[in-house]
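Student: Read off the chains here:
Protein chains: 6
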Amino acid sequence: MIYFTDSEIDQLITEDLPYFDLTSLSVKLGSKVARISFTTRHSTVLCGTEEVIRIFEKFHIQPTLLSVSGEYIDEGIKFLEGEGLAKNIHSIWRVTANLMEFSSGIATRMRELVTLAQAVNKDISVVTTRKSQPFTKKLSLKAIQTGGGNAHRLGLSDTVLIFNNHIKFIGGLDMMISKLPQIAKRAAGRSITVEVQNSEDALKIAGAQLDGIQLDKIPAGELKKLVPKIRKINPSLRIAATGSISASNIQEFADTGVDIIVTSFPYYGRPADFQVNIEPVFDL
Amino acid sequence: MIYFTDSEIDQLITEDLPYFDLTSLSVKLGSKVARISFTTRHSTVLCGTEEVIRIFEKFHIQPTLLSVSGEYIDEGIKFLEGEGLAKNIHSIWRVTANLMEFSSGIATRMRELVTLAQAVNKDISVVTTRKSQPFTKKLSLKAIQTGGGNAHRLGLSDTVLIFNNHIKFIGGLDMMISKLPQIAKRAAGRSITVEVQNSEDALKIAGAQLDGIQLDKIPAGELKKLVPKIRKINPSLRIAATGSISASNIQEFADTGVDIIVTSFPYYGRPADFQVNIEPVFDL
Amino acid sequence: MIYFTDSEIDQLITEDLPYFDLTSLSVKLGSKVARISFTTRHSTVLCGTEEVIRIFEKFHIQPTLLSVSGEYIDEGIKFLEGEGLAKNIHSIWRVTANLMEFSSGIATRMRELVTLAQAVNKDISVVTTRKSQPFTKKLSLKAIQTGGGNAHRLGLSDTVLIFNNHIKFIGGLDMMISKLPQIAKRAAGRSITVEVQNSEDALKIAGAQLDGIQLDKIPAGELKKLVPKIRKINPSLRIAATGSISASNIQEFADTGVDIIVTSFPYYGRPADFQVNIEPVFDL
Amino acid sequence: MIYFTDSEIDQLITEDLPYFDLTSLSVKLGSKVARISFTTRHSTVLCGTEEVIRIFEKFHIQPTLLSVSGEYIDEGIKFLEGEGLAKNIHSIWRVTANLMEFSSGIATRMRELVTLAQAVNKDISVVTTRKSQPFTKKLSLKAIQTGGGNAHRLGLSDTVLIFNNHIKFIGGLDMMISKLPQIAKRAAGRSITVEVQNSEDALKIAGAQLDGIQLDKIPAGELKKLVPKIRKINPSLRIAATGSISASNIQEFADTGVDIIVTSFPYYGRPADFQVNIEPVFDL
Amino acid sequence: MIYFTDSEIDQLITEDLPYFDLTSLSVKLGSKVARISFTTRHSTVLCGTEEVIRIFEKFHIQPTLLSVSGEYIDEGIKFLEGEGLAKNIHSIWRVTANLMEFSSGIATRMRELVTLAQAVNKDISVVTTRKSQPFTKKLSLKAIQTGGGNAHRLGLSDTVLIFNNHIKFIGGLDMMISKLPQIAKRAAGRSITVEVQNSEDALKIAGAQLDGIQLDKIPAGELKKLVPKIRKINPSLRIAATGSISASNIQEFADTGVDIIVTSFPYYGRPADFQVNIEPVFDL
Amino acid sequence: MIYFTDSEIDQLITEDLPYFDLTSLSVKLGSKVARISFTTRHSTVLCGTEEVIRIFEKFHIQPTLLSVSGEYIDEGIKFLEGEGLAKNIHSIWRVTANLMEFSSGIATRMRELVTLAQAVNKDISVVTTRKSQPFTKKLSLKAIQTGGGNAHRLGLSDTVLIFNNHIKFIGGLDMMISKLPQIAKRAAGRSITVEVQNSEDALKIAGAQLDGIQLDKIPAGELKKLVPKIRKINPSLRIAATGSISASNIQEFADTGVDIIVTSFPYYGRPADFQVNIEPVFDL
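Chains as they are written, first to last, in our numbering: chain V, 1 to 284; chain B, 1 to 284; chain L, 1 to 284; chain U, 1 to 284; chain H, 1 to 284; chain W, 1 to 284.
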């Protein structure tokens with residue numbers, strides 16, 4: 001669903017294979033045929049098999065078992081298998097495992113967050129910040145979607161999100177509020193959200209010409225009281241909570257009645273762990 | 001020290017800034033001038049400031065305070081500061097923070113490992129596996145070096161490392177040993193290492209025509225007895241230990257007398273956390 | 001404001017200069033110094049000088065007069081001038097003129113639309129469709145912004161816009177309306193707009209869980225009656241009009257009370273026309 | 001016939017699809033299958049289907065009806081059709097339409113010029129200037145060829161074309177003429193053309209060591225008298241006319257007896273207009 | 001004069017420096033400052049210093065002595081020198097030497113050919129075939145020009161050159177001749193050359209509607225008789241000789257009266273040989 | 001075995017085919033079908049057919065005879081043949097021939113060196129320096145491997161090789177020796193080699209903490225006496241000889257007992273020479 005260009009697939013490959021696989025060359029695998037299989041070591045929301053298939057194709061490896069991104073795979077299940085020349089399979093073993101382990105790790109954490117949050121508030125959205133690891137945005141975004149979320153913003157160009165760092169340049173909160181009609185005009189129809197750090201500011205801007213309000217680092221208890229007050233002032237305002245929200249506290253925040261949870265949590269943590277087996281099949 | 005191409009720097013920028021910073025455009029920062037500063041929130045081995053400076057240059061931001069990769073920065077210290085147009089500074093705020101937080105996180109974990117290991121065995125090397133996160137190899141490698149380590153292998157092309165997955169294709173361990181002269185000939189002078197999972201196999205290959213032996217998932221206690229036996233058979237063999245070695249157990253492994261510890265530990269975990277301040281300076 | 005990568009600037013240059021300027025080489029301009037100047041042939045909203053300056057830098061041409069994107073330049077005004085080696089100036093004459101003429105043409109048409117529309121309805125936004133000319137999206141987008149507009153959508157990834165071509169796949173309009181809560185959940189906080197082609201459908205969806213409604217090819221007269229009815233049903237719905245709206249009819253549409261005009265008009269038409277002079281300065 | 005690299009095809013796709021088609025994802029098209037068809041809204045010289053097929057392939061869309069670049073398609077004719085997953089078809093609907101509309105517009109205008117000109121002078125060539133829209137040179141060139149023309153020059157590197165802007169740097173027209181042997185030597189066999197703006201200069205250079213003469217902005221009436229005089233002086237000189245030549249006046253210029261018409265006319269104007277239909281086929 | 005993009009310069013660097021200079025890192029050059037100098041080991045037509053300067057800039061190396069491409073440098077002359085951090089200088093030592101040695105080798109051989117040929121026939125052009133080494137076309141072309149020649153064709157797109165391999169597809173030589181008017185029409189003003197392998201065919205096509213004739217592998221003696229006969233038939237035809245022409249026989253071919261010599265000779269052979277010295281300057 | 005990215009293959013193609021094959025277009029090959037065949041003109045170690053096949057695929061040319069890289073082909077043997085549209089075959093004729101001729105030339109020279117050297121010393125390795133021609137490293141490396149060798153170093157990042165140019169920055173040879181433990185620690189397990197130019201220095205460093213010693217420009221006669229002395233001091237040291245070693249003298253050096261010969265010889269010299277035939281097959 002996420003479109004990777006051919007150059008991006010090639011970049012992944014050449015990160016690990018700048019020229020050749022010296023080991024396969026040196027041990028001389030010749031025309032031997034191998035089967036590679038990937039098996040979960042713990043329950044996992046799978047991600048990245050579509051890209052692995054594209055790597056397989058470049059190395060003439062036929063998939064013989066294939067699961068798709070988004071499947072929930074229990075521990076100990078073989079979910080992907082391919083056959084091809086042993087030298088080719090050895091050449092892409094690590095890069096394919098790495099790609100799936102990284103993205104499945106994120107997808108699994110994302111799914112966990114969504115499941116926890118929607119258990120408390122079935123209509124809530126869980127979205128991620130722009131703090132994906134450098135160079136991994138597209139792959140991270142695929143994993144986030146696979147896990148049932150989305151990015152809050154794809155980058156700086158698609159929506160307006162006014163932080164405190166902007167407000168100080170335009171004369172403070174009151175001045176910013178008075179400028180919102182002009183800001184909206186310049187945004188030309190794009191949605192506008194303002195982030196605040198306390199209830200007082202939240203209530204001050206709730207009635208302004210805004211599409212959304214983002215509440216940063218306000219404790220869940222306080223938030224639970226604040227949200228209805230905001231709703232009362234502006235029922236159509238999209239309310240987001242953010243600030244160190246993780247699997248351990250997302251239910252408290254989901255329970256506050258906000259529409260959206262914004263978090264960086266899924267980006268970090270260990271990759272999924274897959275067992276990779278390479279077995280001889282027969283000689284061509 | 002690591003050379004990033006201009007396209008790589010641009011790729012980082014455009015991940016977050018595909019077209020423009022809609023917020024800065026909409027709030028109309030005009031010709032306002034700002035100062036951005038970065039301050040540690042915990043003690044950190046700094047990494048990535050050289051690349052941030054290149055991003056600064058592209059946005060005409062003058063650095064007014066600059067620390068270099070590899071410096072150890074205590075908690076609460078401002079280590080980087082730049083001045084330029086507010087709209088430019090807002091455009092690169094997140095991408096510069098992200099880049100340094102990601103790489104400093106790795107560098108800090110790497111330095112921790114090296115410090116722990118060398119406290120026990122001052123001549124030991126700590127190196128990392130090829131399991132860096134997809135698309136981040138160059139940046140991860142910079143962080144690894146900044147932290148005092150190196151990559152065990154840069155990729156598949158530079159050295160020979162024979163895993164069990166290779167051995168089964170060439171007729172088992174004994175057959176592999178008998179083929180080592182031919183393997184060495186094909187490797188044409190490149191160093192050759194074999195990985196084994198138990199002491200018996202280790203002792204079997206210790207006398208073979210090898211440069212290194214890698215001992216995978218052998219407990220530290222067993223390793224401590226094994227290493228002298230290997231040394232006795234072949235004093236010039238480079239001995240590496242690998243398999244789930246982290247900050248919590250590296251000293252046990254360092255104490256076994258191996259020459260090299262191979263680990264993926266620094267790649268994972270949370271990024272460093274920096275406080276970013278953007279303040280108005282004056283209007284041009 | 002739009003960030004062009006260095007590779008994009010180089011791509012522009014090499015489109016015209018794959019290797020060298022054979023004419024300059026053959027007539028042997030040697031170390032002669034020249035001044036290049038650009039003068040409007042008609043009143044123009046200028047665009048693209050920032051990128052021209054970057055091309056100048058690559059060819060060591062010093063700008064001696066510089067206007068910025070967004071300036072309105074009367075007919076017959078010299079707005080950009082640079083000095084450098086004659087051979088370098090001849091090498092980039094066409095590419096710099098082309099770049100500014102193309103983007104200034106779009107910016108001028110965009111400004112015209114915005115001025116016309118806001119003369120009738122000062123709060124209206126004028127935005128463009130995704131029908132920019134192939135390969136020119138970033139440059140076209142710069143011109144659109146320079147002219148006072150924005151893109152309605154940056155591409156397929158940032159917002160949800162449901163066309164008739166989607167509706168037929170999900171069981172028709174009523175079924176689509178019933179699915180909107182699920183759609184919103186999958187969109188995870190992104191704004192959702194539905195396009196309809198007649199008043200009946202418009203009124204049917206006006207009360208649905210939507211952020212915007214896009215009215216395609218409905219005549220301005222009919223639209224003027226429709227808009228208040230929609231507003232009555234849902235005052236916070238963002239209403240857009242689209243379908244062959246150009247400079248000749250935008251005021252009729254602006255007068256209907258819609259919030260947004262969506263058009264492809266600025267993308268087409270002739271480039272701006274600039275007179276380019278290259279004069280000898282002196283020999284180095 | 002024009003070779004587009006895979007990266008160029010991918011660049012087209014990602015201009016519109018940086019990550020995913022959020023609408024298709026949100027309305028959940030699942031495994032639905034669709035047929036996309038393209039139908040002319042006016043008679044058109046078709047261009048770009050070969051590139052569309054390459055985009056189809058990347059999204060596993062099977063073409064079920066295919067016309068090739070260069071075919072003349074009457075109004076109301078379906079000329080291209082493909083079947084594939086509905087989500088894939090929606091993802092590339094706009095980009096494929098855009099590509100063909102842009103290039104078919106140019107091809108149609110080019111064919112019109114060629115037809116008009118050759119009706120008057122069957123041996124005349126119609127070629128285009130270097131003023132293609134930025135970043136579109138390759139695609140524009142494909143369209144120009146498809147329409148029966150060629151580029152006058154592919155860029156600055158392939159032939160020598162001496163403009164007035166060069167002549168002033170080498171001491172004026174007479175001096176330039178005297179330097180032509182040296183210029184020819186440096187051009188090493190490449191063809192050399194000089195552009196002049198009046199009959200006097202034209203006659204002055206007609207006898208010089210040149211391959212071509214380009215007559216800029218000389219009225220057709222004057223040109224008709226001038227051409228035989230030039231032919232008399234140098235029968236093998238290639239004579240080109242240029243300067244605001246369009247469909248409305250090309251026959252006057254073709255009638256002057258020149259060998260070549262040089263124009264920017266086909267690059268500008270509206271794209272061709274195709275009706276795009278996407279219909280459900282069945283569920284897989 | 002040849003424009004290299006920044007990516008091309010970076011590609012050269014990263015061919016040798018994929019990540020870092022491990023030797024400089026390991027021997028710890030710290031803040032030591034060095035001077036690098038390049039000295040000819042034999043007389044050389046210098047090429048590539050402009051690109052070396054761009055590499056210097058990327059590594060903050062100041063040139064302190066600089067010669068330009070095209071200078072003839074005697075044996076034993078220091079022609080380029082730069083100062084910077086020792087670790088940076090070591091990082092680019094080989095890549096800068098390689099670049100200049102490769103291109104200066106070609107430039108020197110090209111200059112030799114031109115000098116030899118023009119000693120016999122002062123108006124003759126010497127140009128090269130399309131057989132440059134893979135991936136080196138731009139750099140080879142720079143060297144060819146620096147040596148006083150040009151490429152016969154930049155590639156397949158700029159001129160028409162009909163080989164025997166084409167003629168057999170269009171019905172033989174006579175049929176091809178009869179089709180020349182149509183071919184010329186499709187070439188739309190581009191120059192047309194036909195290659196033949198014997199005098200009979202040469203005389204047969206000499207009167208056809210052609211711009212050039214290329215005589216392949218006809219011995220110089222035969223050629224000397226053939227050229228005047230061709231001139232008599234068509235005085236304006238451009239006559240080229242090709243086929244294993246090198247420094248050892250070019251004068252015989254130049255003496256035949258042809259206008260152009262086409263050869264691959266300069267592409268092959270050893271690079272120029274430069275002595276590179278790196279000396280400590282002082283510590284910063 | 002060497003992995004070329006799709007962009008690298010496309011770069012090769014577009015070097016020669018920036019837009020289209022003007023000759024094929026002009027002579028109008030239409031739907032004619034052709035067979036291209038490649039035949040050796042001298043005995044050759046073949047290289048590059050795998051990449052040619054990828055070019056064939058992009059132009060829909062079916063291989064009907066295929067040899068693989070590494071095969072030794074006698075003079076006059078047809079080794080590759082493909083069928084496809086004549087216009088496509090003409091478009092890639094030169095680029096495919098060039099690619100194979102360049103790389104087969106290197107492979108053939110490399111095989112010659114290896115055969116000569118191993119005739120004298122069956123266990124010796126022959127490897128190449130980093131002096132491959134600019135931009136050709138990957139292709140050259142493929143050829144080197146195909147010929148039975150390897151690169152001594154892939155670039156600056158994979159091993160430590162200390163030259164005299166480094167030694168002068170760290171206080172001379174003795175000081176360098178004393179620093180070797182620290183150097184080894186920073187190299188973190190990578191192999192360390194030192195190059196010296198005379199026997200005295202060689203003996204001085206033979207006992208140091210090194211993996212290899214490289215003996216530069218020491219005459220074979222002297223070397224033969226030196227090698228046993230080095231072996232006696234340190235039997236596990238890898239001994240390499242370098243400095244103007246070519247096919248004419250490699251046996252003398254192989255006979256000295258060194259482990260490795262390092263040479264640039266295969267990179268230079270004429271490409272292999274293949275006869276290319278293109279024949280009509282039939283009309284589609």
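Keep in mind the hints are simulated off the structure, nothing from the lab.
Where hints are given, some of them may not hold.
Which copy is meant is left open, so a pair is good if it fits within one copy or across any two.
Below are the EDC-like pairs computed for lysine to aspartate or glutamate, each with C-alpha atoms no more than 20 Å apart in a straight line [as the list claims (entries may be wrong)]:
#1 185 <-> 123
#2 185 <-> 112
#3 217 <-> 252
#4 232 <-> 255
#5 185 <-> 255
#6 185 <-> 211
#7 217 <-> 8
#8 131 <-> 273
#9 224 <-> 174
#10 28 <-> 174
#11 168 <-> 83
#12 179 <-> 123
Student: Evaluate each hint against the coordinates.
Tutor: How the hints compare with the structure:
| no. | hint | in the structure |
| --- | --- | --- |
| 1 | 185 <-> 123 | between (31 Å within a copy, 7 Å between copies) |
| 2 | 185 <-> 112 | between (39 Å within a copy, 16 Å between copies) |
| 3 | 217 <-> 252 | within (13 Å within a copy, 41 Å between copies) |
| 4 | 232 <-> 255 | within (18 Å within a copy, 33 Å between copies) |
| 5 | 185 <-> 255 | between (35 Å within a copy, 17 Å between copies) |
| 6 | 185 <-> 211 | both (13 Å within a copy, 17 Å between copies) |
| 7 | 217 <-> 8 | neither (37 Å within a copy, 34 Å between copies) |
| 8 | 131 <-> 273 | between (23 Å within a copy, 12 Å between copies) |
| 9 | 224 <-> 174 | neither (25 Å within a copy, 35 Å between copies) |
| 10 | 28 <-> 174 | between (73 Å within a copy, 16 Å between copies) |
| 11 | 168 <-> 83 | between (60 Å within a copy, 16 Å between copies) |
| 12 | 179 <-> 123 | between (32 Å within a copy, 13 Å between copies) |
Checked against the numbered hints listed earlier, the structure breaks hints 7, 9; every other hint is satisfied.
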